[in-house]
Structure formats: structure tokens, C-alpha cells
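There are 2 protein chains.
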Amino acid sequence: MMTAERYEICISGSGGQGIITAAIILAEAAGVYDGKHVCQTQSYGPEARGGASKAEVVISNNVIDYPKAMKPDILLALNQASCNTYFSDLKPQGLLVVDATLVDRIPTSRVVSIPFTDMARKQVGKALAANIVALGAVGYLSQVVSLKSLEAALMAKVPEGTQNMNLKALRAGIKAAEKVDLNTLPRSISREEEEL
Amino acid sequence: MMTAERYEICISGSGGQGIITAAIILAEAAGVYDGKHVCQTQSYGPEARGGASKAEVVISNNVIDYPKAMKPDILLALNQASCNTYFSDLKPQGLLVVDATLVDRIPTSRVVSIPFTDMARKQVGKALAANIVALGAVGYLSQVVSLKSLEAALMAKVPEGTQNMNLKALRAGIKAAEKVDLNTLPRSISREEEEL
Numbered sequence: 002m003m004t005a006e007r008y009e010i011c012i013s014g015s016g017g018q019g020i021i022t023a024a025i026i027l028a029e030a031a032g033v034y035d036g037k038h039v040c041q042t043q044s045y046g047p048e049a050r051g052g053a054s055k056a057e058v059v060i061s062n063n064v065i066d067y068p069k070a071m072k073p074d075i076l077l078a079l080n081q082a083s084c085n086t087y088f089s090d091l092k093p094q095g096l097l098v099v100d101a102t103l104v105d106r107i108p109t110s111r112v113v114s115i116p117f118t119d120m121a122r123k124q125v126g127k128a129l130a131a132n133i134v135a136l137g138a139v140g141y142l143s144q145v146v147s148l149k150s151l152e153a154a155l156m157a158k159v160p161e162g163t164q165n166m167n168l169k170a171l172r173a174g175i176k177a178a179e180k181v182d183l184n185t186l187p188r189s190i191s192r193e194e195e196e197l
Numbered sequence: 002m003m004t005a006e007r008y009e010i011c012i013s014g015s016g017g018q019g020i021i022t023a024a025i026i027l028a029e030a031a032g033v034y035d036g037k038h039v040c041q042t043q044s045y046g047p048e049a050r051g052g053a054s055k056a057e058v059v060i061s062n063n064v065i066d067y068p069k070a071m072k073p074d075i076l077l078a079l080n081q082a083s084c085n086t087y088f089s090d091l092k093p094q095g096l097l098v099v100d101a102t103l104v105d106r107i108p109t110s111r112v113v114s115i116p117f118t119d120m121a122r123k124q125v126g127k128a129l130a131a132n133i134v135a136l137g138a139v140g141y142l143s144q145v146v147s148l149k150s151l152e153a154a155l156m157a158k159v160p161e162g163t164q165n166m167n168l169k170a171l172r173a174g175i176k177a178a179e180k181v182d183l184n185t186l187p188r189s190i191s192r193e194e195e196e197l
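In the order they appear, the protein sequences are chains A and B. Heads up, the first sequence is in our numbering, so the first residue is 2 and it goes up one at a time. Heads up, the second sequence is in our numbering, so the first residue is 2 and it goes up one at a time.
Hints are supplied without guarantee of correctness; some may be wrong.
Just so you know, same-sequence chains aren't split out, so a pair can sit in one copy or run between any two.
Computed cross-link-like contacts, DSBU-like style, restricted to lysine-lysine with a CA-CA straight-line distance of at most 30 Å [claimed, not checked]:
(1) LYS123 with LYS92
(2) LYS69 with LYS92
(3) LYS92 with LYS127
(4) LYS127 with LYS158
(5) LYS176 with LYS127
(6) LYS123 with LYS158
(7) LYS123 with LYS69
(8) LYS127 with LYS72
(9) LYS169 with LYS158
(10) LYS149 with LYS127
(11) LYS127 with LYS180
(12) LYS72 with LYS123
The set of hints was computed from the structure by calculation and includes no laboratory data.
Full structure from sequences and hints, please.
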């Protein structure tokens with residue numbers, strides 16, 4: 002599944018969107034359940050820029066030398082500010098994934114746009130579960146974590162009484178991502194697009 | 002308050018003891034509320050060793066070059082396995098803080114030993130709040146985060162309906178740590194002790 006030795010995922014959004022929770026579940030799926038080397042980090046302070054914060058997950062088959070994401074393979078942007086702020090970090094062959102409900106100015110056509118918040122509201126009954134819907138999609142698209150481990154990590158992490166709701170959210174995200182045909186996307190982010 | 006440019010805190014224990022939650026609250030207190038540079042990390046996979054896992058917080062007045070803790074200034078050990086595993090990482094002038102309820106074999110006399118779990122059970126009514134009692138103590142002892150910010154970060158992070166309980170836990174930890182006279186401790190961890 003993982004050809005590169007090091008795979009970097011950046012999960013970004015505003016403070017209240019549950020990006021750290023999503024990153025920790027992803028990290029535990031790959032690290033605790035799949036047995037890979039994983040570092041999960043967040044930075045605070047002057048580095049955080051208006052409405053845009055991020056949580057990073059680095060997954061590797063080998064020991065991880067530097068724990069932060071340098072050139073993400075996937076950038077998940079749950080709001081417009083984080084899409085604007087972190088897009089330029091993305092690897093040229095990287096994939097942008099956005100919440101279509103909240104992000105409408107998209108800087109590349111190499112993008113998977115799924116309405117995570119609308120789906121969370123309509124299919125799960127809770128808009129705040131958008132982070133878990135997005136986690137399902139990113140987990141599926143990354144191909145670096147097994148979906149079984151993702152479910153197990155989710156079940157271990159969320160509070161009692163919210164497990165069914167969260168599992169529904171995760172599976173909705175996976176299902177939406179399964180419908181995406183990555184072969185129809187441009188193979189890399191073009192320089193012209195980057196300059197937009 | 003912070004004389005060194007870089008201050009490293011390692012919070013360790015077993016998987017279910019809420020060490021990541023405590024680390025994130027500490028990081029957000031220093032980073033979001035005190036405006037310092039903060040990196041918060043956890044690593045998974047083969048690095049995790051039997052019953053001992055850790056979450057790290059690096060706090061600095063300047064940009065943080067390497068986000069992981071190399072030589073912690075404070076090691077909080079919430080169980081015996083994590084005390085055994087991570088003690089040797091501690092800086093020679095660093096401080097070991099242990100949960101006296103669960104750690105009885107202590108490798109140095111440069112230690113603050115407080116019964117976090119007993120206190121959480123008796124004073125808060127919930128043994129699982131031991132991580133927040135310990136957070137109060139570590140926050141106070143570190144002197145790198147304001148207690149006002151620690152309370153604000155805690156209130157923003159914990160679920161609705163648990164705020165009073167958590168505030169009680171935090172304050173119990175702060176109060177216990179206030180009684181500690183660090184001047185009565187040896188000024189550094191001796192080599193003989195390290196070899197125990």
C-alpha cells in the first residue's frame with residue numbers, strides 16, 4: 002500500500018473543527034493498530050495564522066527522523082482560510098481534499114471536493130461530525146492506513162454513547178471517497194495553478 | 002518565568018490515562034493563551050514500549066527548530082512502567098513528578114511524589130481525572146505557563162458538563178504542588194541514582 006518510505010498528512014481547519022482529534026485517530030490507527038512508525042504533531046503560537054490551524058501525521062515504515070510534515074502528500078482543508086494558508090505546502094504530486102460545504106475558492110484542479118459538513122448534518126445528524134466524515138475520506142484516499150484499523154482507533158477514542166454516530170460518519174466519508182476516480186485528476190499541481 | 006529558551010515537558014503513562022489530553026491542554030495554555038511557541042507531539046509504533054507511552058510539549062520564546070523533547074526538564078510519570086522507561090531521558094537538573102498512588106519504585110530523590118489518582122478519587126470523585134490533577138501540579142511546577150491560561154485552556158477543551166469537575170481537579174493539583182519546597186530536593190539527579 003505504501004510505496005514511499007514517508008507519507009505526510011496535514012489536517013487543517015479552524016480551532017473548533019476537531020482537526021487534532023481526527024489527526025490523533027489517524028495516527029493511532031496507523032501506529033497502534035497497523036504497527037507503523039507514526040509521529041503526530043501540532044504547533045501553537047505565532048505560527049497559527051488567522052482561522053487556520055493544522056495537525057500533522059507522518060507515517061513511515063522506518064524510524065522517523067523529523068516528526069513534522071515538510072511537504073504533505075495529502076492536505077485536508079476543512080475551511081477556506083486553511084486552504085488558502087497551507088495549499089502552497091502541498092507536494093507537487095500531492096492531493097488536496099476540501100470540504101465542499103465550506104471551501105469554494107479552490108486553487109487547483111488536483112482536488113477531491115466532498116461536502117463533509119453537509120453529509121455530517123444530513124447523514125449523521127450532527128454537523129460537528131464533519132471531521133470524522135473527512136477522516137474516513139482521507140484515510141481511504143491516503144491508502145497508508147487500513148480501514149479496519151481506522152475503525153478500531155475511532156471506536157477506542159470517542160466517548161461512550163457516540164460510537165455508532167461516529168462509525169456512521171467515518172463510513173459515510175469512506176463511501177464518498179470510494180466514488181472518486183483519481184485517474185481523472187491532473188497528475189500534479191501545475192505551476193500556473195499555484196500562482197493563482 | 003522562563004529563563005531557558007526551550008523548556009521540555011514529557012507526560013507519560015499507560016494508554017488509558019489521558020496523557021495526550023493533558024499534553025494538549027498544556028500546549029494550548031502556553032501557545033494559544035500565553036502566546037509562546039509550542040510544539041506538541043506523540044509518537045506511535047515500535048517506539049511505544051510495554052505499558053509506557055508519552056506525549057511531549059516543547060515551549061519556547063523563540064521558533065522551535067526540533068519539535069520533540071530531547072532532554073525533558075520535567076518528566077511526569079503516571080505509572081511505574083513509564084517511570085522506568087523514560088527516567089533516563091530526564092535532564093540532570095530536571096524534575097521527576099510521579100503519581101504516588103501508582104509509582105512506588107522511584108529512581109531518584111529529586112522527585113515530587115503526589116497521589117494524583119487518590120486525590121482524583123477522593124477530592125473529585127473520579128479516579129480518571131488524575132491526569133488533570135497531575136496537569137495542575139506540572140503546570141505549577143514548570144513555571145512556564147500561567148495558571149490563568151491553564152484554566153482557560155482546560156475549560157475550552159473538556160466536554161460540556163464536566164467543566165466544574167475538571168476545574169476542581171486542576172486546582173487540587175496546583176494546591177498540592179504549592180506545598181512542595183523544591184529547595185529541599187537535591188539540585189541534580191546523581192549518577193549513582195541513575196545507575197539504580
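Unmet hints by their number, sorted upward, for this structure: Hints 1, 3, 7, 8, 12 contradicted; others consistent.
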